[in-house]
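Construct the complete structure from the given sequences, taking the supplied hints into account.
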Amino acid sequence: MKKIITSTLSFIVISYFLLSCSSIKTGTVKSMDIYGSGVIHLPVIVDLEVSEKKIVSSAILKAVDANIEELKKAVIFEGLKKVNADILIEPKFEIISKPDSIIVIVTGFPATYKNFRNIKESDIELLKAGEIQQVNTHEIIKR
16 MKKIITSTLS
26 FIVISYFLLS
36 CSSIKTGTVK
46 SMDIYGSGVI
56 HLPVIVDLEV
66 SEKKIVSSAI
76 LKAVDANIEE
86 LKKAVIFEGL
96 KKVNADILIE
106 PKFEIISKPD
116 SIIVIVTGFP
126 ATYKNFRNIK
136 ESDIELLKAG
146 EIQQVNTHEI
156 IKR
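For the record, in the sequence shown the residue sitting at position 5 is 20 according to the numbering used here, with numbers rising by one throughout.
Note that these hints are calculated values from the structure, not bench results. Quantities reported herein were computed from a predicted structural model and do not represent experimental measurements. Check each hint, because a few of them may be wrong.
Label pairs and their calculated CB-CB ranges [as the list claims (entries may be wrong)]:
no.: 1; residue 1: D138; residue 2: D115; range: 48 to 58 Å
no.: 2; residue 1: E85; residue 2: D115; range: 15 to 25 Å
no.: 3; residue 1: D115; residue 2: E140; range: 51 to 61 Å
Taking lysine-lysine and the PhoX-like style, the derived pairs with C-alpha atoms no more than 25 Å apart in a straight line are [said to hold, decoys possible]:
no.: 4; residue 1: K107; residue 2: K96
no.: 5; residue 1: K69; residue 2: K129
no.: 6; residue 1: K68; residue 2: K88
no.: 7; residue 1: K135; residue 2: K96
no.: 8; residue 1: K77; residue 2: K97
no.: 9; residue 1: K77; residue 2: K129
no.: 10; residue 1: K97; residue 2: K87
no.: 11; residue 1: K69; residue 2: K96
no.: 12; residue 1: K96; residue 2: K77
Glycine is no exception: its CB is placed at the ideal position from the N, C-alpha and C atoms.
Right, here's the structure in full:
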């Protein structure tokens, strides 16, 4: 009888520890500005297949843990993962601050890289045009 109680107790203790363990998932977001970083490379040209359908992704974080920039990256990552895309084109963020939490919502067009190839002379004008384009980003605060 003592052996049964001991083995039952051991089973309960082991089960408790196995069931109470939480798993941690991590993901990777990479970015690098190659212009001005000292990297010399032969440019690679790639086609970008952009979806016509926007995606929406969101996350909620406790206000005390808030790191908005990290949360923005996480929301983009989760949205891209859902549709198996590589990059989000024209992401627009909506950030809702509440006393106890922050909600981050992003919308944008998911895109996938296709047809990687080495640069050709005919691509050089395209690269020049891309370097002179400037994007103006404005933050709007609504109360």
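Now the hints, each set against the structure:
no. : hint                    : in the structure
1   : D138 x D115: 48 to 58 Å : holds (51 Å)
2   : E85 x D115: 15 to 25 Å  : holds (19 Å)
3   : D115 x E140: 51 to 61 Å : holds (53 Å)
4   : K107 x K96              : holds (17 Å)
5   : K69 x K129              : holds (19 Å)
6   : K68 x K88               : holds (20 Å)
7   : K135 x K96              : violated (32 Å)
8   : K77 x K97               : holds (23 Å)
9   : K77 x K129              : violated (38 Å)
10  : K97 x K87               : holds (16 Å)
11  : K69 x K96               : holds (14 Å)
12  : K96 x K77               : holds (23 Å)
Checked against the numbered hints given earlier, this structure breaks hints 7, 9; the rest are met.
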